[in-house]
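Taken in sequence, the protein lines are chains A and B.
Residue 168 in my numbering sits at position 168 of the first sequence, with consecutive numbering throughout.
Residue 785 in my numbering sits at position 785 of the second sequence, with consecutive numbering throughout.
Calculated directly from the structure, the hints in this document are not laboratory data.
It is possible that part of the hints are untrue.
Stated by the list, open to error - Using 20 Å as the maximum straight-line C-alpha spacing, the simulated EDC-like pairs for lysine to aspartate or glutamate come out as follows:
(1) K719(B) with D157(A)
(2) K803(B) with D899(B)
(3) K461(B) with E210(B)
(4) K51(B) with E295(B)
(5) K225(A) with D289(A)
(6) K719(B) with E265(A)
To be verified - Now the stretches of chain A that chain B is said to cover, found in silico as 3 or more residues with beta-carbon under 8 Å:
(7) 66-80
(8) 263-269
Unchecked claim - Have a look at the derived ranges for each label pair, beta carbon to beta carbon:
(9) D284(A) with D65(B): 55 to 61 Å
(10) D186(A) with A26(B): 31 to 37 Å
(11) R390(B) with D20(A): 39 to 45 Å
(12) D185(A) with K51(B): 39 to 45 Å
Here a beta-carbon is modelled for each residue, glycine too, at the ideal position from N, C-alpha and C.
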Amino acid sequence: MKTMPQSPDLGFFQDRLPADSATARAMLYDGHVFHLEATASTRRLAAEMWAIVEAQLGESGPAREAQFRLDQPGFYSRIGHLRKRFYGTEPYHRAVFDLLQACGFQREAHRCDPMRLRVITDGGFRDPKAAPVYYPHRDTWYANPQAQITWSLALHDMGPEDSFEFYPEYFDRPVRNDSECFDYDDWVQDDWDRKIGWQNAERDRSSTYPQLRQEIEPQRVEAVKAKAGDLIIFAGAHLHRTRPHSVGRTRFSVDFRTVHREDHERGRGAPNVDNRSRGSTFADHMGPDEIGNWGRGRL
Amino acid sequence: MSGLASKESPGFVSQDPPAATGSPPAGHFLARYGAIARRLADRPALVLCGKVLLSHGELFDAARDLGFRLRREGATPEDVVALDMGRCPNFVIAMLGCWFAEAAFLPLDPNWPEQRRQTVLQDARPRLLLRTEGAPGELSSLAIRRASDPEPRNNTRHTPQVARAFSDDGLAYLIYTSGTTGRPKGVEVCHRGIVPMLEAQIEAFRMSAESRLLWLLSPAFDASVSDIGCSLLSGAALHIEPRARLTPGPGLPTWLATHGITHVDLPPALLPFLPTSRLPATLRTVVIGGEICAEEVIRAWSSRLRLVNVYGPTEATVCTGLTVCDASWNRALIGLPFPHNHYRVSREGGEPCSPGEMGELWIAGPQLARGYRNAPNLTERRFITHDGTRWYRTGDLVRELEGGNFEFLGRRDRQLKLRGRLIAPEEIESQLSKHPNVSRAAVIRSGQDADAVLIAFVVCKDGCDGDELTRFAEERLPHWMVPATFIQRESLPETASGKTDLTRLADMVHADRVEPAPRLDRNDEEKPDRCPAKLEATIDELWHHVLGKSGFAGSDDFFEMGGDSLAALRLSFAARSRGLALPASAIWTHPTMASQVAYLASASQRETSDHDYCEVTDLERDVRQILSTLPPPEPRFTGPNPAQNTRVLLTGATGFFGLPLLRRLLTHSSRHITVLVRGSDRDAARERICGLLGTDVAPAAARMQSRLTVIYGDLTRPKLGLSPMDWRTLGERIDTICHLGASLSGTAHYHALRETNVVGTAHAMELCRIGRPKHFFFGGSLIAVSGCRPSPETIDERTPLPKAGRIRGGYAASKWASERLVRLLDHPGRTTVVRLGLLTADPDTGVLTRSDNLAMFLKALHRLGCVPDPLPGLWTDVTPIGTAVRIATELLDRDCLEDCVHIVNRRPVSLADLAHAMRYQGVHLDSVSRNRFTQRLEDMAGRARDQHETQGFDLCLDLCQPDTRHPSAYRLFGSTGVRFSEAATCGALGHPGPLCPKVDRAYLANFLDSLGILRGNRLGTSTRHHETDAQRQRTREERHA
Ligand SMILES: [Fe+2]
């Protein structure tokens, strides 16, 4: 990684976003990862969303321990409800674009894939069906644009043991994978729900789910440690994975992805070192003008 | 962090040595261009004769370096540096170099007479003189000389000692224009107005970084500042052709097509000589200005492309306003001023005219020049302050029209007084130009006082009659404005700026008037033997015969008059019947009647077949040029690319190979196929494809519909004519491209096929540079190798494209060029060239076409009823389409393929076999002498009933050749003298080989039967029909199984 900061005092995560969003995007495409401390508004957004999670899961104890109190179908049906709410309703669509604008990213220039709730249960990695959730991967292997940027919002304090991790050396180094088996048009052809469900333990999609097909020996593993309302911003092309954990509680967070329309159109974005998936999720991203109408009838 | 650093740095000046005087203000040309040069550093900036010489980054650096050199040589702000060079890349570097040194440039046209040059040098007193001493492309050959001027510069108003730090008020250039007095006057133009003017032009010309502008004007003409400036500030490529001469004829359109020129600034006088039908599709905008142009010419051009008429005096920085011409053009409009400029129409006394009233145009705004060099009095007269505003009095007579546009009426200083009346000669010229035969007119006064008369010089498209012109003028002008004499000229003398040189015209009058009665008659006294008039009469008759109408003029374009490729063939045959060798390919390159006459008149000095040939080295250059115009590839990985071939883009799906291939891909595989079809919209395109696929595919469509995506686009346009987002989406969706799209013509010249077959291939292949790596299958042709002379004896998959020699036929040349391009254009995925043999109808598999070469040829022989004796030793490779389609589908399944595969019949069939088979089936074929055969062919060709028949007769021409070694047999008999091999392809497919069936008597019988020419010709047809039908039935059943 020639462009990644090497100095130990700087650390892997950059704590300040350049004021100019073009520069910020260029840095993200270069592999830089930003970890922005919570601001009043992100803290409030995280708190609001957390309150909704608690309303679903917290009636008889802490929401983060609901997985132990509820049976699996009951737990996942409530999670499904939360997912649809965050992903498919107007206030959270609006929140995505507000957050973008607050970070100096022009709302009109972007399209987004809205908020997905991440639910990483204690010991969840032991379920073989859920294995793909924990594979090191690049988001671009699932036909996401090279210009896609992931924004992860911590809903509660987390990590590093129950968060996610990056392998910076592999940002621009190819790894063996079978992304060529992923064809987005096939994927969404008959089941729009897959769009939000594909990283879901309930569905066994591993047959068409691109995987890393080699052992990696990363010299550097950079794990996220965040407080509620903190924002982690990175290029979807980063090789990363969710950490399997058994810390005795479920980890919740939300993330959304954005694509700068013109960057995508012009082929700008993180370097593509090994992605051979086909099709593009771009057309299914939401524009700011589609808030409230987007995906209606499909969700 | 580099991203941040570059944003904070002030740009190029940060690298300047400390001696630099600061950075240009934001509106300065160098500041604007600096940003472009950083952003588009690697895009071509200067292209010389098709070769990219400098990118924007390199040009910017070269100019800056020259700026330092000029400073070291003593150039200081406000100094003038003379650029002693013509239109060449160095001029561009030198111009910018001067600006980096904060000096002004002074163009010296090498074509000026010595006296003018001396006058200018003495007046301008440049500090330095830049001269280019090598070939136009040698950038290192710029020599700086101190101008031999020991005296202190005559520069009182400005103090050069003060560093002016790229001031907007700094002198940018000094350009000399011809004054009415004959003495050139130097106009001092500042930087202030340049960028606003260029930006307004760029917008109006619709220029972008993808544009390619051809610079054709003299650098001493200030419009060159606009040509150069617009292409640099839009990040476009400036194409320079130092030797290009603005001569009428097919040369320029061909050149424009070859180089993919999108923009060109042309002297209006040239327009009538360029047939609009020959304008390449790439040409988007043509800029004209400086002179009035015939209205119908403007109307014709503006219906073909964006035609922009620019207006502006040198004294107000090139161009102060413009207007986009349209089909309603009926007067000399000059448009509205740019928003930052102001126009005012003034009476003699300075009062404003009312709308509609003729008056002098005054201009105000940032574009006003500083004034005339060393001519304070003149400056004071022309640059006046009125009501607190500085105005330039243009001397142009205009009137303001309703809606704010302005009409140009004439020059104040050209106003003539003739027997007490004021006359604007431009008004007469404008009326004369309305005559359909007059392409240009200039009117001057000759003689003094009572002897003074008006003389009109006219350039006619065809012979004009003086009486006719007089009548024409009398109908439209008051009698005192009707010229006394008309003099016809091939062309009118021009000044460096492309305007009619009236002074020289006046001189010509003196010479001409010595001769008695200069009447307007055709200039046909020369070459009485090879009389063009006679040839013209013959051609006129032939056109009449082919096009069915008469009354053509010399400048009429065969294709504009309704001719098409078929008509060209018929014309060619018709000419033959008169003993004139006018090959169809020559008709493409000589579309006008006059040019055909000229072609025939000089035919004896030329090898007639020359036109059919392309030099491989020329094609190579052309391919390189096309490649150089492509945007650089996006950085992509080139890792392993496992075979997928499940989402295929098919081009040419409506073609006679593409359509059966599409049908088979839909019926025999589960692939998703996207087809690119020309059409007005998606529904129409889809309808067209479904209609072509026919009913046997349509019922199963429910299943297949979801696998067939139809998009509409155009191969000849960048990004296939798709929107940037559609282009990207397509690029990310597909993993395979089967590129079959090509224009198939046996007669068209390379240039007529180039856009579709070669440029189109580049456009399709560019898609491989988007998204994931892709497999690119290219439908090539063996003719690309076998059509070359000399050609190898055996052509197998490893036989490279010939690198030298000549290729017969435009189609073969275009296949050579496209295969070459495919092999040169790199992309992350794999490329497989599929060289196809002669594809023929395939009765065995039900793939039928009545328009393949073999079918058309056999039908023509049948109609002729004879063959020449002895039969020439010609061979053809019969590659049935059904077989080819099946093999092509198999190829898509293969992972490991050679770079090149062949689908061809390795066992050719001879002409003798064909004739024998026909006779055996009862077709009557007499053996006649070659002369009889030729006669019969010409006779029958004139009576061809449709296009296929004509083409069939055209193929029969191969039989008229006395010598079979002569490489004429290229379309049908491509395997004469060569051996094709597909052994490696068989190996890759695990096929025992040969791929194609043996073309024996039974095969040919079946083939002839399918053509329907046997009926009534022989006995026992019913049995064979029965067999064939049974066979077809079987094929259908297999397909549905
Ligand atoms: Fe991810």
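Tested hints:
1. K719(B) with D157(A): This hinted pair is violated, its Cα atoms lying about 49 Å apart.
2. K803(B) with D899(B): Holds: K803(B) and D899(B) sit about 18 Å apart, inside 20 Å.
3. K461(B) with E210(B): violated (36 Å)
4. K51(B) with E295(B): violated (37 Å)
5. K225(A) with D289(A): Distance ~34 Å between K225(A) and D289(A) Cα, so the pair is violated.
6. K719(B) with E265(A): holds (12 Å)
7. 66-80: violated (count 0)
8. 263-269: holds (count 4)
9. D284(A) with D65(B): 55 to 61 Å: For D284(A) and D65(B) the Cβ distance comes to about 51 Å; the hint is violated.
10. D186(A) with A26(B): 31 to 37 Å: violated (51 Å)
11. R390(B) with D20(A): 39 to 45 Å: holds (40 Å)
12. D185(A) with K51(B): 39 to 45 Å: holds (42 Å)
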